[in-house]
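Kindly generate the complete structure, drawing on both the sequences and the hints.
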Amino acid sequence: MEIGVQPPSKEEGRNWQKKLDALETSNAYIKGKQFGWTDVNIEEVDGTKSARKFICGAEALKVPASKPYCLHRPILRGRFNASEQYSFQQVCDDLSTIWDWALTQKLGLDAKQREQLSAVLVVPETFDGREIKELLTITLRDLQFSCAVVHQESVAVTFGTGASSGCVVNIGAQVTSVICVEEGVALPSTRVILPYGGEDISRCLLWLQRKLKAWPHVECDPLSNPVDLLLLEEVKEKYCCIEDGDHRACVELEFHSYGCPSQIYKVVLSELNVPPLGLFLPVLLASDEYAPLPRPWYHTDSEEIILDEGTHVDAGRRPDMYETGLSFGSHVPMSDSFEHSFYGIARPSRIKTEERSIGLAEAVVNSILASGRIDIQKKLFSSIQLAGGGAMVTGIIDAVEERVLQAIPVHESIDTVEADC
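Counting from 214, one number per residue, gives the positions in the sequence shown under the working numbering.
Just so you know, the hints here were simulated from the structure itself, not pulled from any lab data.
Check each hint, because a few of them may be wrong.
Stated by the list, open to error - No more than 30 Å apart at the CA atoms, straight line, and that leaves these computed lysine-lysine pairs for DSBU-like:
hint: 1; residue 1: Lys424; residue 2: Lys479
hint: 2; residue 1: Lys424; residue 2: Lys275
hint: 3; residue 1: Lys275; residue 2: Lys319
hint: 4; residue 1: Lys280; residue 2: Lys325
hint: 5; residue 1: Lys319; residue 2: Lys426
hint: 6; residue 1: Lys280; residue 2: Lys266
hint: 7; residue 1: Lys424; residue 2: Lys346
hint: 8; residue 1: Lys346; residue 2: Lys262
hint: 9; residue 1: Lys592; residue 2: Lys275
hint: 10; residue 1: Lys325; residue 2: Lys266
hint: 11; residue 1: Lys262; residue 2: Lys275
hint: 12; residue 1: Lys275; residue 2: Lys426
hint: 13; residue 1: Lys262; residue 2: Lys280
hint: 14; residue 1: Lys319; residue 2: Lys346
hint: 15; residue 1: Lys426; residue 2: Lys479
hint: 16; residue 1: Lys346; residue 2: Lys325
hint: 17; residue 1: Lys451; residue 2: Lys424
hint: 18; residue 1: Lys280; residue 2: Lys319
To be verified - Label-pair restraints from in silico Cβ distances:
hint: 19; residue 1: Ser570; residue 2: Arg461; range: 28 to 34 Å
hint: 20; residue 1: Leu274; residue 2: Gly373; range: 24 to 30 Å
hint: 21; residue 1: Phe267; residue 2: Trp420; range: 42 to 48 Å
hint: 22; residue 1: Trp420; residue 2: Asp259; range: 21 to 27 Å
hint: 23; residue 1: Ala583; residue 2: Pro281; range: 20 to 26 Å
hint: 24; residue 1: Arg461; residue 2: Leu274; range: 27 to 33 Å
hint: 25; residue 1: Lys325; residue 2: Gly458; range: 55 to 61 Å
hint: 26; residue 1: Trp420; residue 2: Leu618; range: 38 to 44 Å
Ideal Cβ placement from N, Cα and C applies to all residues, glycine included.
Here you go:
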């Protein structure tokens, strides 16, 4: 026996339309309860309270702006977020603090227990050997694991699905990576990095609703206020999709300001299928309005870089526990004929740089076509693995299959595309 969903009656449809029409004319405003802001104080043994030295995880995003804390993001757009204001040493220290907090507070593993354990370090495709080496140093020296093995994220995805080959598309919060895996080995020549992800979709959602005059006249800045970004992420996850038609939803938006009751607006959001299309049409994602990609940290801190003949640089590395006195900040000169790729590796400027502007479908096609023989290409086109939070968007599997098939050049003898997540 087949059980189906009964379509709504005409009366239900009319009632829903009346509700939408009423909300379109005026935004309903309601005062809500206090928001669950993070308590930055801890109680000492003597009963006094003092501010916490650091706050990690979701709690860090809910710290009031008036409190004396700085929000640190050690990784930005898939790279170490080192800069003149945020030193490379501080990035490593923050990563060590976050991981130690997660292992201790969330998993109950203290330093003594870790000494008897081994770790599997899964690294994303956006990291290069230098960054992986620093993560491995943190794992073994700072977190005190007995030993560690490093796996690429793409290989872990294919193993997790029970396959040994596939084209892995990882749609993260700030960066999207595409790489092909053949018999458990990631093919470096197929790696494509797209500098946009789920957070860019959320900001596109805000921009679109403001253009449609559906967003309340309330200050909302996801770049400077993490609480606003959490609100946009929640709306995106619940209501955004990639399907045909005009998708609308009656939504309650809850805005929070420290020390004041929450403000709840009932609004009607439309065109909810447009923001996720930014993955295929990056022109929808106004990346030029936001912070640029972080400069590779080994511009200033590296072991040894040879840019071209006659240009040799030997800079300091991160000191070990027993080393002192090493200075950081030496400048690495750049040759005019070279530029840093998204991985920070010096390479000729003639190398293609369209990764910033091409869509997800074109990136998948370019990646697979760079894999080699036609039999391998056909196998990879039939095994596209979607991973990351962006892969949770409703309808993205069908959209990837359709758009990748359309993006394949006509002279290629490939007529089947299959995706899964």
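Discussion item. I want to verify a distance hint. Is the separation of the beta carbons of Ala583 and Pro281 within 20 to 26 Å?
Written reply: violated (50 Å)
Fill in: Given pair status - Lys479, Lys426, alpha carbons within 30 Å
holds (14 Å)
Fill in: Distance restraint evaluation - Lys325, Gly458, Cβ atoms, bounds 55 to 61 Å
holds (58 Å)
Worksheet entry | Restraint status (C-alpha distance of Lys275 to Lys319 at most 30 Å) | holds (18 Å)
Discussion item. Holds or violated: Lys280 and Lys325, Cα atoms, limit 30 Å.
Written reply: violated (34 Å)
Worksheet item: Taken at face value, is the distance from the CA of Lys319 to the CA of Lys280 at most 30 Å?
Response: Holds, at about 25 Å.
Worksheet entry | Distance restraint evaluation - Ser570, Arg461, Cβ atoms, bounds 28 to 34 Å | Check passed, 30 Å falls within 28 to 34 Å.
Worksheet item: Can the restraint linking Lys262 and Lys275 be considered satisfied, given a maximum Cα separation of 30 Å?
Response: holds (20 Å)
Worksheet entry | Holds or violated: Lys280 to Lys266, with C-alpha atoms at most 30 Å apart | Satisfied, since the Cα-Cα distance of roughly 12 Å is no more than 30 Å.
Fill in: Hint consistency between Lys424 and Lys275 [alpha-carbon to alpha-carbon, up to 30 Å]
holds (28 Å)
Item to complete: Take the C-beta atom of Trp420 and the C-beta atom of Leu618, compute their distance, and say whether it sits inside 38 to 44 Å.
Response: Between Trp420 and Leu618, where Cβ atoms are some 30 Å apart, the hint is violated.
Discussion item. Taking the Cβ atom of Trp420 and the Cβ atom of Asp259, is their distance within the range 21 to 27 Å?
Written reply: violated (51 Å)
Hints 4, 5, 7, 8, 9, 21, 22, 23 and 26 from the list above are not met by this structure, while the remaining hints are.
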